[in-house]
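Colleague: Please build the complete structure, drawing on both the sequences and the hints.
With mature numbering (1 follows the signal peptide of the UniProt record, and there is no 0) applied, the sequence shown corresponds to residues -27 to -1, 1 to 303, in that order.
In case anyone wonders, no lab produced these hints; they're calculated from the structure. Only a predicted model underlies this, so the values are computations on that prediction, with no experimental measurement involved. Don't take each hint at face value.
Computed list of lysine-lysine pairs in BS3-like fashion (alpha-carbon distance at most 25 Å, straight line) [claimed, not checked]: (1) LYS179 x LYS105; (2) LYS105 x LYS189; (3) LYS229 x LYS37; (4) LYS229 x LYS41.
Derived DEER-like restraints, expressed as beta-carbon distance ranges [stated by the list, open to error]: (5) LYS41 x ARG130: 38 to 46 Å; (6) GLY196 x SER271: 39 to 47 Å; (7) ALA102 x GLU221: 21 to 29 Å; (8) ALA239 x THR180: 23 to 31 Å; (9) GLU278 x GLY75: 18 to 26 Å.
Glycine is no exception: its CB is placed at the ideal position from the N, C-alpha and C atoms.
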Amino acid sequence: MIHPNRRATLWGLAAMLGAPALRRASAAATAPLPQLTLWGPPAGPSITLVHAIASGLLRPVADKVLFKAWRTPDELRAGLTSGTMQTFVLPTQSAANLFNKGLGVRLVNVMTNGLLYLLSTDPSLTSVAALKGRSVAIPFRNDTPEYVFRRLLAAERLTADGDVALQFTGTPMEAIQLLVTGRADTALLPEPAVSAAILRAGMAGKTVTRVLDIQKAWGAATGLATVLPQAGLGVSAAFLAEHPTAVEALHDALVKATAAVNADPARAANDAAAPLGLPWPVIEQAIPHSNLVAQRASAVREPMEAVFRALAEFDPRIIGGAPPAADFYL
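Modeller: Below you can see the structure in the form of structure tokens.
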């Protein structure tokens, strides 16, 4: 039989011996990672990522943070499949699709409420209905801009290729070239490609304008809010399991970075110009039109699911068959 005073002594020894291990485990959970690579497209949310790095907001997350751009949806999918991308910005629709396909993608937050615009040299093309008989240049086939636009066409009972000619390009710059040279009537682009197109057209002596805010057109066509929770920060399931504290710290840093970017577009543009490969005036002009936010995925699950259902009305395969389960939204 162990006497009370002896039992207390043994418990005290156990606690003393275990304390260093507990402290080490706690420190490991909260200490910054040695290095972290953030992947993002050359689009609005990546401005936030780059500014967060440049301003030191990610020091609690990792000692060294790198930004790398993915340029095409195929490059993104290859990186996720191979496991080389563990923290990344991607379209919310793509994230849902990949989650439903078992690729272990979890959505941390939404970083833009929509940054798609229709551009044209013809200022009269201010509605989807007005595009009948016209052509639209769209970068990246089988990606979010195409899916959203096809849903808008369906709402007007218009068909692609029958009523409206879709001209797909490999990059936004190729779509801009078609528009500026008159080989396409309009172009559907995200920011900052929109601002780049306007600047480039001006240098060529032409006037290109935003004739249609796709976010507003979406609200009118679907009866939903005039926002598109279009892209956000995703993480791999493996990274989340190994570094949950880092994921929380990363989201918190992006909340601060988003506020800073919206408050001072000039400074953010200066930070992002080189990493995104775009002139800083283009990025500065793009920020007010990029609807940059940093909202937890779980907090905006309802509006995201509404968008997913609206897209699935056109083709359920777009989101992998059905809206993702609750554990998709962090």
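Colleague: Determine for every hint whether it applies to the structure shown.
Modeller: Comparing the hints with the structure gives:
Restraint check for LYS179 and LYS105: the C-alpha separation of about 23 Å stays at or below 25 Å, so the hint holds. Among the hinted pairs, LYS105 with LYS189 is consistent with the structure: their alpha-carbon atoms are about 19 Å apart, no more than 25 Å. The straight-line distance between the Cα atoms of LYS229 and LYS37 is roughly 19 Å, inside the 25 Å bound, and the hint therefore holds. The hinted pair formed by LYS229 and LYS41 meets the criterion: a straight-line CA distance of about 21 Å does not exceed 25 Å.
Distance hint check: the CB atoms of LYS41 and ARG130 are about 43 Å apart, consistent with the given range 38 to 46 Å. Taken as a hint, the range 39 to 47 Å is violated for the pair GLY196 and SER271, whose Cβ atoms sit roughly 24 Å apart. Range check, ALA102 to GLU221: about 46 Å between beta-carbon atoms, so the 21 to 29 Å window is missed. At about 25 Å, the CB distance of ALA239 to THR180 agrees with the hint of 23 to 31 Å.
The given range of 18 to 26 Å is respected by GLU278 and GLY75, whose C-beta atoms sit roughly 20 Å from each other.
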